[in-house]
Amino acid sequence: MGTETREVIELFIDERSVRVAPGASVAAAVMNAGKACRASVTGERRAALCGMGVCFECRVEIDGVLHERSCMIEVSEGMRVRTVDAG
Amino acid sequence: MRAERARVAVVGAGPAGIAAAVAARSCGARVVLLDDNPDMGGQIWRRVQDGPAGEWRERVKQSGAEIRGGVTVFDAEKVGGRVRLRCDGAAGASVIDAERVVLATGARELFLPFPGWTLPGVFGVGGLQALVKNGLDVRGKRIVVGGTGPLLLAVAAYLSDRGARIELIAEQADKSRMLGFAGAMIRQPGKLLQGAKLRASIIDVEYRFGAWIAEARGDDRVRQVVMSDGGVIEVDAVACGYGLVGNTQLAQVVGVGIGHQASAIGERQEGTRHLALGTGEEQTQEGIGHQASGIWGRQEGTGHLARGTREDGRKSKETRSADPKAGAWRGRVVVDDVMRTSVEGVLCAGEPLGIGGVETSLVEGTMAGYTAAGREELARGLIPRRRRERAFAAAMERTFALREEVLRLARPETIVCRCEDVTMARIAACDHWRGAKLLTRCGMGPCQGRVCGAAVEAMMGWRVRDARPPIYPVSMNALAATGGAMEDA
Chain A
70 MGTETREVIE LFIDERSVRV APGASVAAAV MNAGKACRAS VTGERRAALC GMGVCFECRV
130 EIDGVLHERS CMIEVSEGMR VRTVDAG
Chain B
2 MRAERARVAV VGAGPAGIAA AVAARSCGAR VVLLDDNPDM GGQIWRRVQD GPAGEWRERV
62 KQSGAEIRGG VTVFDAEKVG GRVRLRCDGA AGASVIDAER VVLATGAREL FLPFPGWTLP
122 GVFGVGGLQA LVKNGLDVRG KRIVVGGTGP LLLAVAAYLS DRGARIELIA EQADKSRMLG
182 FAGAMIRQPG KLLQGAKLRA SIIDVEYRFG AWIAEARGDD RVRQVVMSDG GVIEVDAVAC
242 GYGLVGNTQL AQVVGVGIGH QASAIGERQE GTRHLALGTG EEQTQEGIGH QASGIWGRQE
302 GTGHLARGTR EDGRKSKETR SADPKAGAWR GRVVVDDVMR TSVEGVLCAG EPLGIGGVET
362 SLVEGTMAGY TAAGREELAR GLIPRRRRER AFAAAMERTF ALREEVLRLA RPETIVCRCE
422 DVTMARIAAC DHWRGAKLLT RCGMGPCQGR VCGAAVEAMM GWRVRDARPP IYPVSMNALA
482 ATGGAMEDA
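Read top to bottom, the protein sequences are chains A and B.
Counting the first sequence from 1 gives a position; the numbering used here is that position plus 69.
Counting the second sequence from 1 gives a position; the numbering used here is that position plus 1.
Bound-form chain B, shown alone (with noise of 0.2 Å):
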């Protein structure tokens, strides 16, 4: 298959996506937009026209940047000097050479398993107003929403405009967490703002701190929720989420460096490369230098197998993340002050390196096509803006850290992995992730451990890292078509 060329490459229609082509292009480079799903807006901004989304939307149509719905990019890879991006999608399998390449592949969200969460009508928070947005019908629905983060609000409030009964919304945060977190926000008016008017359209409904989603029983679907406290409450609907994880995919397998400190900007000094920072294990790169690690893999990190046989000797030293209460778990890809990543020409923005949300991504959107395109100059001056926004992000990842009961939540016959079916027994009696994989098939099914990977990092405190193309399950004709991950083999 002929590849394609390109200047620059984005990965991503979400905000930080869009502000990515729409910087980029404002310097004159040729820029192809990509994205999974047919729309462009990500998730934030799915099926949403007005506002700044509605602004965005048609900065991006007019800059001439060439977007392209429904195409999943399922391999990255350096090639010559230039990123290849292997493609599927409806319109067939593609190649794009690229000289730059910004991954803004945005985020997906947490869930923790408990009793019952596999029952049809338990939802994401995310997910249930992705659906909605789609023409899934809520009025008239009994719906409990748990879990943790703004989204609970602003997902609630949306529901309920649809017409659904939001019955409760379950905030495992303490109270006091949130009132420290209102005091940081002081410097955010018009985030407070939006709160105050979010909380306002639902003022019926009781928002519940300390709380969270313990079980949920049904037949051939969810019918009651068993709260914290122990009271029960009858539902049609129940929506659980528990912040978001970015998606860090793409960018371990082109061979990104992830880090696992939690997203200090603002707070330790701008300016450095972060790359420099290292301040010890938690800070480690992993997986740089493509194919360099031999027959198990391209990268290091890829798993424990690749790490105990290396030539040097040296051990695998890690099975354990930092602590998973703080969200230091989450592994973020990371990157310069301009942000630029470990690998020449790949770019990132926006919630792989730590969930910030739709602000900090313009900003780094921004940024990132400032450099792809050459204009390094101009990221500079927008280093400022995004250390404030980083600043609030981290705030929030303090208020919104998760409790250890809801990390308990699973009975050792709950099932973790939707896709093989494998319970929590079975997963906790094994070592590490690799050995889970190997010995109950978790994680190796068709989401490859998104779902079920996040859930074991932050339960267990095992590092996951080990995402190889292609990332997507994708057809043997697109896998031949393109070349991908044939030469793994």
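This is chain A alone, in the form it adopts within the complex (with noise of 0.2 Å):
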């Protein structure tokens, strides 16, 4: 992360905390935790692929909402993540 700043925002990534930098996209925090994103309709795992909001492979679901495209959303403070990665 190129910005030098103390705030850390914390949110939850399947029940578990997670703290990253403000600004950063949910995919990329959802990424940094080791996770994938959703299960292809064959139930293959995916992950973020295009970064910028087009291929939607980064859905994950964020507070409830399904089918968020998670490269185009920043973390919030307690933000509540659900991947394909859920137990």
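Treat the hints loosely; a few may be bogus.
[What the hints assert, rightly or not] Some chain A residues near chain B, calculated using beta-carbon distances under 7 Å:
1. S94
2. A97
3. N101
4. A105
5. V110
6. T111
7. R114
8. F125
[Stated by the list, open to error] Rough simulated footprint, nothing fancy, chain A against chain B, three-plus residues with beta-carbon under 8 Å:
9. 37 to 49
10. 339 to 349
The set of hints was computed from the structure by calculation and includes no laboratory data.
The beta-carbon is built from N, C-alpha and C at its ideal position, and this holds for glycine as well.
Two chains, two frames, some hints: make the complex.
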């Protein structure tokens, strides 16, 4: 992360607390946590491909809303994210 | 919902859109600048604050243009002499009725399917850079960068700077082509210097020409790549992209003409309206005239069914675009010499006109902004500069033309449509895009064919030109609130 800041955002990915720098995308937070994003229609694990809101591979559930493009959404304090790797 | 009015609305806040907003504001027009990203800059200036990016950011902030991030424009339509934009976003749905709209919708990456490309850890080249800019950690990661174009070097240098270990840069173009390109760049010393600096920053990384990623292997994520010469490299991530394709969806739904000629400005005469070039089938205008084609959709170009059932009985002549390798399959918005499209009030600038890069986008954006504000003569003054930039872009496109082998990497079982998990074999069994959609659901998922459509267009030579509103998935609330798409039912 290029931005030197002491501020940290805490969010929850599959119920586990994750701390990231503000301004990060949810996709970055998810993949930094070693997770993939969604299950394809035949059940394959998929993660971000295009990084710019085009491919829809990085879809996750955010605060109860399904199919959110995680690369287009910034992390926010207390956010709850659910991925394909949720237990 | 009350429609907000604007003199000029600019869709897309990358270099072209920013330049358009600045130019239109300098002529006194009220301008709204929209982007679906939270922050402006587009892809190329994502999180870049210094240099020209910083200067243009500052310029547009000072210009008095109203800048709105996080707004997705999902439909554009001519209504009562104005252009109606239907929007959705975090701030809710909205409608903007603009006298003039500048489409500065940028480009996306072209992905060519290869075995294993759906594994987590396989990214686009620009895709991985965007993710890292937004916080993805690549420190210590072993990465192979492959595909084609100048982006490979730029991204490899960036990733290396962020702590990644670049194992290899694989450029599919042969070295002989690159040398010819370097010759053409002598007239662009700035760009040559830029390239040399990037190369110097990662001089210890092998930059292999005539090489490509043939396969990715892994389990829960990518672990290895197999190169075109059979060599196997252990990796933690792969960045793979085969150049860019312009985003023409919004242009298509508003009924703008899409052509197929390679960006020939600089080689062909400027000053004639391109619309009038009409040199044959490949210049045929599609989709002019809103809602002219009856029940099948708004445009003639919507699909084969539409074309086949026209009253005049004109048969669909096209199922194939021009030679995929030459890049002519990429559909381009057709504009006149001051950036007006075939639909009155709709202008276009930058990558949707053919991939041109930052400088081209800035010039064309400025021209579009002037024209949109009614100062066409100012736009005309920039025609020579535009011609120079476009000539460079055309040389680049020839250099990085796709080789046959990279269009044939997908095996029968390789997934091509990632949204609907449709394999190459199922698509290859069809005759054209429309048929593939109907029979396999290829291109029918949430990305609406942005990924597989471009790939299929390149691999199969089929013409894929069927955007329809809403061009992004939106909530029923947004559709209802904006009156969007319901009239098509």
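Here's how the hints hold up against the structure:
no.: 1; hint: S94; result: holds (4 Å)
no.: 2; hint: A97; result: holds (4 Å)
no.: 3; hint: N101; result: holds (5 Å)
no.: 4; hint: A105; result: holds (4 Å)
no.: 5; hint: V110; result: holds (5 Å)
no.: 6; hint: T111; result: holds (4 Å)
no.: 7; hint: R114; result: holds (6 Å)
no.: 8; hint: F125; result: holds (4 Å)
no.: 9; hint: 37 to 49; result: holds (count 5)
no.: 10; hint: 339 to 349; result: violated (count 0)
The structure does not agree with numbered hint 10 stated previously, though it agrees with all others.
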